[in-house]
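Novice: As a plain string of letters, each chain reads:
Number of protein chains: 2
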Amino acid sequence: MQDVISYINSNREKYVDELKELLRIPSISTLAENKTDMMTAANFVLDKLTDAGMENARIIETKGHPLVYADWLHAPGKPTVLVYGHYDVQPVDPIDLWDSPPFEPTIKGDNIYARGATDDKGQMYMHIKTAEAFFKTQGKPPLNLKFIIEGEEEIGSGNLENFVNKNQDMLKCDAVMISDTSLYGPGIPTLTYGLRGLCYMEIQVTGPNRDLHSGTFGGGVDNPINVLAEMISKLKDKNGKIKIPGFYEDVINLTKKERENFKRLPFSEKQYAKTLGVKELKGEKGYTTLERVWARPTLDCNGIFGGFTGEGAKTVLPSKATAKISMRLVPDQDPKKIGKLFTKYINKIAPKSVKLEIKDLHGAYPIATSLDDKATTAAANALSKVFGKKTVFMREGGSIPIVVTFAKKLKAAPVLMGMGLNTENLHSPNEHFNLNHFHLGILSSAYFLDEFSK
Amino acid sequence: MQDVISYINSNREKYVDELKELLRIPSISTLAENKTDMMTAANFVLDKLTDAGMENARIIETKGHPLVYADWLHAPGKPTVLVYGHYDVQPVDPIDLWDSPPFEPTIKGDNIYARGATDDKGQMYMHIKTAEAFFKTQGKPPLNLKFIIEGEEEIGSGNLENFVNKNQDMLKCDAVMISDTSLYGPGIPTLTYGLRGLCYMEIQVTGPNRDLHSGTFGGGVDNPINVLAEMISKLKDKNGKIKIPGFYEDVINLTKKERENFKRLPFSEKQYAKTLGVKELKGEKGYTTLERVWARPTLDCNGIFGGFTGEGAKTVLPSKATAKISMRLVPDQDPKKIGKLFTKYINKIAPKSVKLEIKDLHGAYPIATSLDDKATTAAANALSKVFGKKTVFMREGGSIPIVVTFAKKLKAAPVLMGMGLNTENLHSPNEHFNLNHFHLGILSSAYFLDEFSK
Chain A
2 MQDVISYINS NREKYVDELK ELLRIPSIST LAENKTDMMT AANFVLDKLT DAGMENARII
62 ETKGHPLVYA DWLHAPGKPT VLVYGHYDVQ PVDPIDLWDS PPFEPTIKGD NIYARGATDD
122 KGQMYMHIKT AEAFFKTQGK PPLNLKFIIE GEEEIGSGNL ENFVNKNQDM LKCDAVMISD
182 TSLYGPGIPT LTYGLRGLCY MEIQVTGPNR DLHSGTFGGG VDNPINVLAE MISKLKDKNG
242 KIKIPGFYED VINLTKKERE NFKRLPFSEK QYAKTLGVKE LKGEKGYTTL ERVWARPTLD
302 CNGIFGGFTG EGAKTVLPSK ATAKISMRLV PDQDPKKIGK LFTKYINKIA PKSVKLEIKD
362 LHGAYPIATS LDDKATTAAA NALSKVFGKK TVFMREGGSI PIVVTFAKKL KAAPVLMGMG
422 LNTENLHSPN EHFNLNHFHL GILSSAYFLD EFSK
Chain B
2 MQDVISYINS NREKYVDELK ELLRIPSIST LAENKTDMMT AANFVLDKLT DAGMENARII
62 ETKGHPLVYA DWLHAPGKPT VLVYGHYDVQ PVDPIDLWDS PPFEPTIKGD NIYARGATDD
122 KGQMYMHIKT AEAFFKTQGK PPLNLKFIIE GEEEIGSGNL ENFVNKNQDM LKCDAVMISD
182 TSLYGPGIPT LTYGLRGLCY MEIQVTGPNR DLHSGTFGGG VDNPINVLAE MISKLKDKNG
242 KIKIPGFYED VINLTKKERE NFKRLPFSEK QYAKTLGVKE LKGEKGYTTL ERVWARPTLD
302 CNGIFGGFTG EGAKTVLPSK ATAKISMRLV PDQDPKKIGK LFTKYINKIA PKSVKLEIKD
362 LHGAYPIATS LDDKATTAAA NALSKVFGKK TVFMREGGSI PIVVTFAKKL KAAPVLMGMG
422 LNTENLHSPN EHFNLNHFHL GILSSAYFLD EFSK
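So the sequence lines, in the order shown, correspond to chains A and B.
Using the numbering used here, the first residue of the first sequence is number 2, and each one after it goes up by one.
Using the numbering used here, the first residue of the second sequence is number 2, and each one after it goes up by one.
I should point out that these hints are in silico values taken from the structure, not numbers from a laboratory.
A portion of the hints provided could be inaccurate.
The list cannot tell twin chains apart, which means a pair is met if one copy fits it or any two copies do.
List time: in silico DSBU-like cross-link candidates among lysine-lysine, alpha-carbon distance up to 35 Å [said to hold, decoys possible]: (1) LYS391 - LYS258; (2) LYS79 - LYS137; (3) LYS341 - LYS275; (4) LYS36 - LYS410; (5) LYS79 - LYS390.
Looking at chain A on its own, in the form it has when it is part of the complex (with noise of 0.2 Å):
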């Protein structure tokens, strides 16, 4: 291994020169106007591929934006390594708020500031960098290594989904090393081993047939915005506990091991507070912040509307209401099943003098990765190494579909060994990525695939 880290350690200029070169390229994957910059792209992580040692680089048309492939698989024996990444970031506005422009990638301190600076070209470039450092020094990497980097990770994966779904003996692997999340903190190895699943539903009430004046039948009908005010405040109790029957059946609590790890975690309730700006932390009771955010399931409103929504005063008893209400699932509950039981509790609670439609707009599933996970265990030895310090593991409150069609369709545990920071403008304006992490990502991932082969 020294001679592939001392390789890394002595081009680390050179891979930042690479990465500007990446960042300067404007592949916003939703404007039409920016289609040739996505083939730019696609292109420049494919030569980028082949420059590295890798064989089979080749360009997968989809009905949108390429997927770019290699791969090599000369290690029999060895398992094999799929590495997922995204060359596709977000549109820039507002543009006025970027101190330098999106796509020309400035250097501040120790941070290179571009759009996708940290989402997730510099994260993805890494991997690239590692397997050339292998294959400069070794010849070959230590074990069996497979790239497959998206252009529509932005706008939602659609096309890989089906690329997985009908391609799953080419994508054939052992542990899945994605690098599109967060350190817990700067300096601190991260490992992300469970996403939240998502179930989202929309209800509408209806009362009467049409908006009626409220003096004039103000207490004769059931107002349609009282009665789904009503309803939502019987989703949960007093202790934050979700109230539909069968909710709770199928959640996996948190390990005695999982719940220590988190405690052990540095993070001030008053400071998490002050940052959002409210008073008082509020959730399920019994359960920490973090285990709240990353481990528990939840419901919240996202959106309301109904009547009058103007500005001043106009006495309408509205015809209709409506919310949009989700639930971010935790293993191993089933955004289907989750969606029944929503919709015949909300059935049960409404009263005879409503109509309702209850639609399911969404669903993803949630995931957790066992820490005894054997790519796991690897990732967090190696990221120990490099960083000095013990791996911390964290779960992520939000949802990250393809990574739970990657394991189910791969029957590979999913490695989230990102390097970006929470704080680092993701899908806003002056989107940085700290280079020291970045260094240290390419080292990591070099531990990783060696540990991993062993």
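Dock chain B against chain A, hints included.
Specialist: Okay, now just chain B, sitting in the frame of chain A:
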């Protein structure tokens, strides 16, 4: 009275022709383009008052559309009646839905179709024709008469409110005759003796200082929509009683006689529910539907909004949620006091995790005239005589602020002797007025003046 009645009967066609003339003037108070039409209508009313025999007829300029005033005050010792009405009308949109042009009065069967037919040109004009009948047959009315006809009822009566406040001596009277409400049903002689008041509030709940990702933060902080829904659910109990402490303190309960009066009215709960398209009527327990919509205080959400309100799913944990909540009031509730009790209660039930902004947007006082009031009794007798049936006493769930102003400032009982019908499309396309009711209204007005003069 025989001569007066004969005169009214023999001039029936002439009166309709004159009404048509008035209905041809597009006096839409809210549209700047109809400013001259407003003056034309005011002058029409002025001329007809003069022609009838009234004295001191004059246009009173305001900051908006003019008032028309006239009087005849030569019956010392006799009571004084002030007739109020309005010559302005609502806009005509959507024009496509009219079967005949809104300003080309068209008679079909018993009805005359035109914007303003029932609200309020037809109803207001009745009283001018009654005055004429007295002057032409008796040389004078049986008591002192004043007319104040405004052109801004459809836009809030702001200038008339000011005028009444400043000219209480000029408008001094013993009763205010107003025909701008409805009969309980076709051919049913009706007096409306109560109007509800209003207290219209807005609550804005702020949770976190910005919209958050519901995955990353869901479960960590209170959600302002959920909090708002919970607070709304605490405003009423399961029997439909409003839970704000002190809310019912000043409510004058319905008398046994009033409740009996209401119970005698033909009313089908089933038909009412069917018309509104609901399976079940709902409201305060212990009261009939008519009692609830006319004479009991209520609370309704008029609007609610917060978070994502577009199509589909967006996983936001919103920063803010807002509700517009109004309470209909009954005598002797005071909208200002109720606003304060509401604010106090909301502050009390709000969790510490959110910030509140509560606004009192609008208030109106309730009113109810005693059934034993002299003018009310005279009007009831007059109506019974003309319609050949016992007069029914109803209330109205909405508010008419100018009625309360008359009652409070002039200390005179309002007599709401409406001849419209709820089915006559006021404020909608194809507004119409039943010409039998127009004729019966003129006769009723004549008998009222006669009765009240005794």
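Novice: Is the C-alpha distance from LYS36 to LYS410 at most 35 Å within one copy, between copies, in both cases, or in neither?
Specialist: within (30 Å within a copy, 72 Å between copies)
Novice: One pair to classify: LYS79 and LYS390, alpha carbons no more than 35 Å apart. Within, between, both, or neither?
Specialist: within (28 Å within a copy, 101 Å between copies)
Novice: Quick one: LYS79 to LYS137, C-alpha cut-off 35 Å, is that within a copy, between copies, both, or neither?
Specialist: within (20 Å within a copy, 116 Å between copies)
Novice: If the cutoff is 35 Å on CA atoms, where do LYS341 and LYS275 land: within, between, both or neither? Let me know, please.
Specialist: between (38 Å within a copy, 31 Å between copies)
Novice: Reference check for the pair LYS391 and LYS258, CA-CA at most 35 Å: within, between, both, or neither?
Specialist: Classified as within: same-chain Cα gap 15 Å, cross-chain 83 Å, threshold 35 Å.
Checked against the numbered hints given earlier, this structure breaks none of them.
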